[in-house]
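Enquirer: Spelled out from the first residue to the last, the chains are:
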Amino acid sequence: MAENAAVAFANAGIRFGHRYVWREVDLEVLSGEFVAILGPNGAGKSTLLKAMLGVLPLTEGTVHVFGKPVHRGNDEVGYLPQRRRFDPDLRIRAIDLVRLGLDGARWGVPAPSWLPSSEGKAKQRRVDGMIRLVGAEAYAERPIGELSGGEQQRILIAQALVTGARMLALDEPLESLDLNNQQSISGLIQRICHEQGVTVLLVAHDVNPILPFVDRVVYVAGGHLVAGRPLDVIKTEILTRLYGAAVEVLTTSDGRLVVVGQHEPVSHHEL
Amino acid sequence: MGLSWDFLADLQLLLQFHFMQNAYIAGTLVAILAGVAGYFVVLRGQSFAAHMLSQVGFPGAAAGVLVHVSPVLGLIVFCVAAAIGIGYTGPNLDAGHRAESAAVGSILAFSLGLGLLFFRLYAGSAQGIYGFLFGTILGITDRDVQLTLAVAVVSLLALAFIGRPLVFASVDPDVAEARGVAVRGLSIAFLVILAFAVAITVQIVGTLLIFALLVTPGAAALQLTARPPVGVALSIGLSITFTWLGLALAYFSDYPAGFFITTLAFGTYVLIRGARAVTA
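Chains A and B are the protein sequences, given in the same order.
Counted the way the working numbering counts, the first sequence spans residues -16 to 254.
Counted the way the working numbering counts, the second sequence spans residues 19 to 298.
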């Protein structure tokens, strides 16, 4: 394992019953890297994140995060799960949701804010700092359900970072956003990665919006992983083999890669 | 009984009989617990689970009367058993799972039928059935008050203990789980506390009118604020107001308390929704 590895999978596999999601996975993500996890729907991208969070135990092999075996509730890892939007009727302020990310797992009820508790004040400052970092000051006091998709994602990124996380595990944060929001959220994540030295693993099934921002890509398909720099992995032959369907990689006039093709679901690796 | 404009004299009139003192003590305890539990019921979208627990309470109360222990005790046993049952088998009861909803509907009908049989076996107590369907303020004994006090104190302490992770698990279960919150365990724990709340609330408004104290105050509070601590406080305040006014109106008018409490609750909710629709 490399000394500055943020995540290290070694000969890892997950199996539900007789069906492998993926197996023989050896993957290292270095501290401070921005890595996109790509692949067709149902290939096991989210499973990879959940294994890293300790929510889903591996059935074989090991996974370490910052050199330690994984466990739930790790303050060093911030998680943004795949989801549809929050229910529009959900009546809790965005800032409360960020605060829950900090100490929501603790028993009891929070001390009233008018009490002169220095611990409470420090926590409040930290929450406010995160709100500023993601640029959500204008709507932090509004109910989360009333916010737009892009605003909700900014709040959720603040929530994921608020424990002082050194790594972000983001599951489809760009889904159901329009093109402008996809770019501004991708840019925000890249800025946090570079300025705060936060390692980012971002799951996406659409390659194109995220490609300009990432250092490395991991492709999950057919029960296996291929990792590398975008230019080395995003090639017509490799993707066609991984997807098991015709996929073509085109280069635009300004040198960007675009992936086109019919994304058929890939059958799973059977025992 | 005549009302005057002298508030203290009216209050003396209201509380001159022991049964009304009992009704007010039990009613206040019920209102506090129902207010807190109701906030979470609405936040978690578990109205149907609350409805189910209250209906399962009916045969429980009847069984309690039949075997000559307190009906409240019978309610508690049946409701807690049902809560554990829902917690283990149908945690997604309110998430639109059709087969589960249908199954629960059948169980509810059966439990009401069972309650009917138990009351018949107890011999001819139509008044008893009426009391448990719609609530009764006449029949609250000193023992019921003691039991209500014990249940309310224990349930409120339990809610205070699980409060923060319960909010987290209610609004954001996936992240809560990743942060180490026992989401499923909390869900079962809350249903059991809800069962206790239902069991004592039935005394005041009955199984059929229980939403007036267990859902409407929480729903109204959530319309008014998106801050959890303020919402819980508002929900308690509304619940106590409905109960105190409802009991007083029933006492001075000879119409049932359940009618006044539900009417106050419904009227308040409609006013708040209306005001929000106008200002939005």
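No lab work stands behind these hints: they were computed from the structure.
Even for Gly, the Cβ is constructed at its ideal location relative to N, Cα and C.
Among the hints, a few may not be true.
[What the hints assert, rightly or not] Cβ pair distances, simulated, as ranges:
hint	chain 1	residue 1	chain 2	residue 2	range
1	B	G131	A	R66	19 to 25 Å
2	A	W97	B	F128	47 to 53 Å
3	A	D72	B	G131	33 to 39 Å
4	A	R125	B	V296	15 to 21 Å
5	B	H36	A	K104	36 to 42 Å
6	A	W97	B	F179	37 to 43 Å
[Said to hold, decoys possible] Computed, partial: chain A to chain B, Cβ under 8 Å:
hint	residue
7	L36
8	L39
9	R76
10	L83
11	Q142
Enquirer: Now, for every hint given, state plainly whether the structure supports it.
Expert: Against the structure, the hints come out as follows:
Between G131 (chain B) and R66 (chain A) the C-beta distance comes to about 41 Å, which lies outside the given range of 19 to 25 Å. Distance hint check: the CB atoms of W97 (chain A) and F128 (chain B) are about 51 Å apart, consistent with the given range 47 to 53 Å. Roughly 35 Å separates the CB atoms of D72 (chain A) and G131 (chain B), a value that falls within the hinted 33 to 39 Å. Separation of R125 (chain A) from V296 (chain B) is about 19 Å and conforms to the stated range, judged on CB atoms against 15 to 21 Å.
For H36 (chain B) and K104 (chain A), the hinted distance range of 36 to 42 Å is not satisfied, since their beta carbons lie about 50 Å from each other. Distance hint for W97 (chain A) and F179 (chain B): a CB-CB separation of about 22 Å, inconsistent with the stated range 37 to 43 Å. The restraint placing L36 (chain A) at the interface with chain B holds, with a minimum CB-CB distance near 5 Å, inside the 8 Å limit. Here the hint on L39 (chain A) is broken, as its CB sits about 11 Å from the closest CB of chain B, past 8 Å.
Restraint check, R76 (chain A) versus chain B: the minimum CB separation of about 5 Å is within 8 Å; hint holds. The criterion of a C-beta within 8 Å of any C-beta in chain B is met by L83 (chain A), whose closest approach is roughly 5 Å, and the hint holds. Contact between Q142 (chain A) and chain B, as hinted, is supported at the beta carbon level, the nearest pair being about 7 Å apart and thus within 8 Å.
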